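As you go down the protein sequences, you meet chains D and C in turn. Quick note: the first sequence uses the numbering used here, first residue 11, plus one each step. Quick note: the second sequence uses the numbering used here, first residue 934, plus one each step.
No lab work stands behind these hints: they were computed from the structure. Among the hints, a few may not be true.
Claimed, not checked - Output of the computed footprint for chain C on chain D, the stretches with three or more beta carbons under 8 Å from beta carbons of chain C:
{"#": "1", "region": "71-84"}
{"#": "2", "region": "107-115"}
{"#": "3", "region": "130-141"}
Said to hold, decoys possible - According to the in silico footprint, chain D covers these stretches of chain C (three or more CB under 8 Å from chain D):
{"#": "4", "region": "951-962"}
{"#": "5", "region": "1195-1203"}
{"#": "6", "region": "1253-1267"}
Stated by the list, open to error - Here are the in silico distance ranges between beta carbons for each label pair:
{"#": "7", "chain 1": "C", "residue 1": "Val1205", "chain 2": "D", "residue 2": "Gly79", "range": "24 to 32 Å"}
{"#": "8", "chain 1": "C", "residue 1": "Ala980", "chain 2": "D", "residue 2": "Thr244", "range": "39 to 47 Å"}
{"#": "9", "chain 1": "C", "residue 1": "Tyr1488", "chain 2": "D", "residue 2": "Gln147", "range": "49 to 57 Å"}
{"#": "10", "chain 1": "C", "residue 1": "Ala1348", "chain 2": "D", "residue 2": "Gly173", "range": "43 to 51 Å"}
{"#": "11", "chain 1": "C", "residue 1": "Tyr1488", "chain 2": "D", "residue 2": "Leu75", "range": "41 to 49 Å"}
{"#": "12", "chain 1": "C", "residue 1": "Arg1250", "chain 2": "D", "residue 2": "Gly173", "range": "44 to 52 Å"}
{"#": "13", "chain 1": "C", "residue 1": "Glu1430", "chain 2": "D", "residue 2": "Gly173", "range": "37 to 45 Å"}
{"#": "14", "chain 1": "C", "residue 1": "Arg1385", "chain 2": "D", "residue 2": "Gly173", "range": "37 to 45 Å"}
{"#": "15", "chain 1": "D", "residue 1": "Ala161", "chain 2": "C", "residue 2": "Arg1440", "range": "24 to 32 Å"}
{"#": "16", "chain 1": "D", "residue 1": "Asp238", "chain 2": "C", "residue 2": "Arg1474", "range": "33 to 41 Å"}
{"#": "17", "chain 1": "D", "residue 1": "Gly242", "chain 2": "C", "residue 2": "Arg1440", "range": "56 to 64 Å"}
{"#": "18", "chain 1": "D", "residue 1": "Val169", "chain 2": "C", "residue 2": "Glu1131", "range": "53 to 61 Å"}
All of these numbers come straight from a predicted model, not from anything done at the bench. We put the CB at the ideal spot given by N, CA and C, even for glycine.
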Amino acid sequence: MARVKPGEAANPAPPTVQRIRVRFAKRGRLRFLSHRDVARSVERAVRRAAIPVAHSHGFSPHPRLSWIGAAPTGSASEAEYLEIGLTRPLDPAALASALDAALPDGLDVLAAVVAAGPPLADLIDASEWRIELRGLQPGELRRAVAALEAADSVVVERVTPSGRRQIDVRKALVRTEVHHRPEGPGEPPPTGPASSSRVEATVCAIMTAVVRQTTPAVRPDDVLGALDVVAGLTPPVPAKATRMAQGLLDDRGRLADPLGPGRVTNRV
Amino acid sequence: MTGELSTRTTPSVFPALEALLPRVAKPVQYVGGELNAQRADDATWDAVAVRWALLYPDAYEVGLPNQGVQILYEVLNERADALAERAYAVWPDLEALMREHAVPAFTVDGHRPLGAFDVVGVSFATELGYTNLLTALDLAGIPLHAVDRDERHPVVVGGGHAAFNPEPIADFIDVAVLGDGEEVVGDITDVVAAWKAEGRSGGRGELLVRLAATPGCYVPSLYRVSYGVDGAIAEVAPTTPRVPRTVQKRTTVDLDTWPYPKKPLVPMAETVHERASVEIFRGCTRGCRFCQAGMITRPVRERSLQGIGEMVDTAVRASGFDEVGLLSLSSADHSEIAQITKGLADRYHGTNVALSLPSTRVDAFNIDLANEISRNGRRSGLTFAPEGGSERIRRVINKMVSEDDLIRTVSEAFAQGWRQVKLYFMCGLPTEEDDDVVQIAGMAHRVIQAGRAASGRNDVRCTISIGGFVPKPHTPFQWAAQAHPDVIDARLRKLREAVNANRKVGRNVGMRYHEGQPSLVEGLLARGDRRVGAVVERVWREGGRFDGWSEHFSYGRWVAACAAELEPQGVSLEWFTTRERGRDEVLPWDHLDSGLERDWLWDDWQDALDGREQDDCRWTPCFDCGVCPSMGTDIEVGPSGTTLLPITPINTGPRPHADAGDG
Ligand code: SF4
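Make a model of the complete structure from these sequences and hints.
So, in structure tokens, the structure goes:
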């Protein structure tokens, strides 16, 4: 809806005096949130927690929240990042617990730090994904992953709002690993008595994939698409993917935490 | 305490559903978990006597904000012996996958199968949700027809405005609830709990008879309908002396004792209303003759200033919404609206919380009010509903807004900085001729001209939005002939030509309208009788879903189903819609009592045809519409003698940085 013209503002926005970086998780059934859903929920939680967030100027002032490459709809994450501009300095630990309390269960604040040094975006150039493939034998996955590793280039196609895009998954792939541990930290076990009936479904192959940030970003679905291309791998049930980390790659293929050593972690 | 049928813990269908969600659009709408949502644990599920599933038979994005559902959800969950979970219609993509993988209809809170609940309460805001009801029942494994259900199946209860004529869905529901729901859901819970505690004595039949004896509850299967040779109803008669001949609506008398919802649901998905809502009064006696909502919710009952102030505060704190809608059928009519808006604007001054008055009449609107509402820097466009284009037709519908008043009001608004006005109209009203509709163009042109003069700018906008008129039960127009879609479409074409005839002004006028065809089907479902049930079922079997959505609605399917199901019985789509009814015809809803005297409605219909207006009983003596004496209610308007309590600004937030200078 239209609002009054510039110059007639009732609330000129106070300036940003501090920025706090937040790491949060998208878990459980909330993995089905899109980035827009996450952004909407965080904006409301910020208001509900009465965090003194800075607003843009103008007549549809929006809160100053900057987002870094969001996990896709359907993927869980233990490592989403956000920077919040504040009109009043806050203790990052207080912000983290207040924001966490105001968010729905499943959007959970993990850590926070006062922004310093290079922009957040410069502290992230790769993601570590954990992809869980129920009903698949680890051996089968291992063979497919080996075939992917052996290739120079594996291109998959994705339909995006702006048309079909060719994505070279192999080029973006830094490191892979296959394991068969059935439960992981990212996925809380299903609640209720149903879990007992799921024992027979515990055949499960799990892979870790570290991918370099590219445009467009390589998503877990693209990695699976590439496994299909090189080895005809088609999981019997939809895979569950969780982003475990984001950060700067070191020469051993590990990721450095973008919040750095100054972060405070939130009890969750 | 409870019988053996449903004491077993019901497993969540989520694991099965989860595998389907990556394959559907907007999966967030099926996962629940919204802020302020309630999910009973298994121990609670096992312990409570009565479990309600509250189904809104439309898409999540429409259903989530629904106030009726949110109110009943809280009221039921506050009871120690009951719980309530929510369910919404699933889109065809998920429906197909659920059928393929045998996943039953589920609630979004516990993802429990609908069939495991004791009661499925369905809220009908519009008749176009009927086919979605059938989808939900079928996916739940609940027999479509009430007669085929037994003790294992939930009791299907329909409510909402459409329940004032539930005859087209009489085959599919067990009970229709008339009127306000806050108290009757408790009564139904008591009846079901007692019946279960007695080991379901007398079976489902006994439960239904007991429910039928509960005020406000209509059990269609306990009434027999017979038809005359002319196709009209001959008689509607109870099949047992234990049920009343007519069923009276329920009325919640003191709104202040029902401050719900206290904790608005905050969706993560995008929904149609992104705000908290506080109902500031219920009922409306402006007497617009087309308006079913106004007629069936009489008399006016205001919430007090203090009650509103507290609810707004609670809602803002509990939700984090930055907009609070002050809801009612005509919000500026609250007797203390000036104090409410000024008080709230003061309270939230300097915050980002904004107010909105979603329904405002031109004649109750004034610029002070608008300024208070928009004090926080938001000037959304102003919206008014003159409903009729000519003075004459506005007398017929009793919407007495003069064009000069409208122009005066919008001029002032444009002078104060507003740039956009939206005007709502109806087409196809009784006695309407082409000219009544074409005059809408002149009104829109005058708005633009007045706006340019007042604002000194050329870029002012006026949007006219036109809907097809659907005659509704329990209104003076319940006897009227509905206009055929061809007539409506032709009039709208003429209107468009008239708008564009003056290019210089017309280019600033936007026109939105709905096709006439869905309105005709809505009319069939609104005034249909039990014979229409077969049409609904056939349309559904042939794939009818989400009839309120133009991309899913198929007029051809409805026309063909009417031909197949109605014509062998000597009636037709036209018979139910474009036919004017006589005074003596038994209407399908005559045994359902909204409080309005049938004779008063008839006289008002005659006054309409003569272009005679009717006043509002809040400001003139009672004109004996019948509601207050028959329902034992009174108009409840202010001054309430209360104040909007000053409340400390919304909480001060997390503590400042330990070493911050200004902390
Ligand atoms: S009975 Fe009289 S006072 Fe009550 S709503 Fe009708 S007209 Fe108004």
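Hint check:
With 3 residues carrying a beta carbon less than 8 Å from a beta carbon of chain C, the region 71-84 of chain D meets the three-residue requirement, and the given coverage holds. With 6 residues carrying a beta carbon less than 8 Å from a beta carbon of chain C, the region 107-115 of chain D meets the three-residue requirement, and the given coverage holds. For a cut-off of 8 Å, the count of residues in the region 130-141 of chain D with a CB near a CB of chain C stands at 0, and the three-residue condition is violated. Evaluation of the coverage hint for the region 951-962 of chain C: fulfilled, as 8 residues show C-beta separations to chain D shorter than 8 Å, against a requirement of three.
Residues of the region 1195-1203 of chain C lying with their CB closer than 8 Å to a CB of chain D number 4, which satisfies the three-residue condition for coverage. With a cut-off of 8 Å between beta carbons, the region 1253-1267 of chain C has 3 residues touching chain D; three or more are needed, and the interface restraint holds. Taking 24 to 32 Å as the suggested C-beta distance range, the pair Val1205/C and Gly79/D conforms, at roughly 30 Å. Range check, Ala980/C to Thr244/D: about 45 Å between beta-carbon atoms, so the 39 to 47 Å window is met.
A C-beta distance of roughly 53 Å is found between Tyr1488/C and Gln147/D, which places it inside the suggested range of 49 to 57 Å. Look at Ala1348/C against Gly173/D: about 48 Å separates their beta carbons, and that is inside 43 to 51 Å. Between Tyr1488/C and Leu75/D the beta carbon distance is about 46 Å. The supplied range of 41 to 49 Å therefore holds. The supplied range of 44 to 52 Å is met by Arg1250/C and Gly173/D, whose beta-carbon atoms lie about 46 Å from each other.
A C-beta distance of roughly 40 Å is found between Glu1430/C and Gly173/D, which places it inside the suggested range of 37 to 45 Å. Taken as a hint, the range 37 to 45 Å holds for the pair Arg1385/C and Gly173/D, whose Cβ atoms sit roughly 43 Å apart. Look at Ala161/D against Arg1440/C: about 59 Å separates their beta carbons, and that is not inside 24 to 32 Å. One distance hint, 33 to 41 Å for the beta-carbon pair Asp238/D and Arg1474/C, holds here, with the actual separation near 39 Å.
About 59 Å separates the C-beta atoms of Gly242/D and Arg1440/C, a value consistent with the hinted range of 56 to 64 Å. Between Val169/D and Glu1131/C the Cβ separation comes to about 59 Å, which falls inside the hinted range of 53 to 61 Å.
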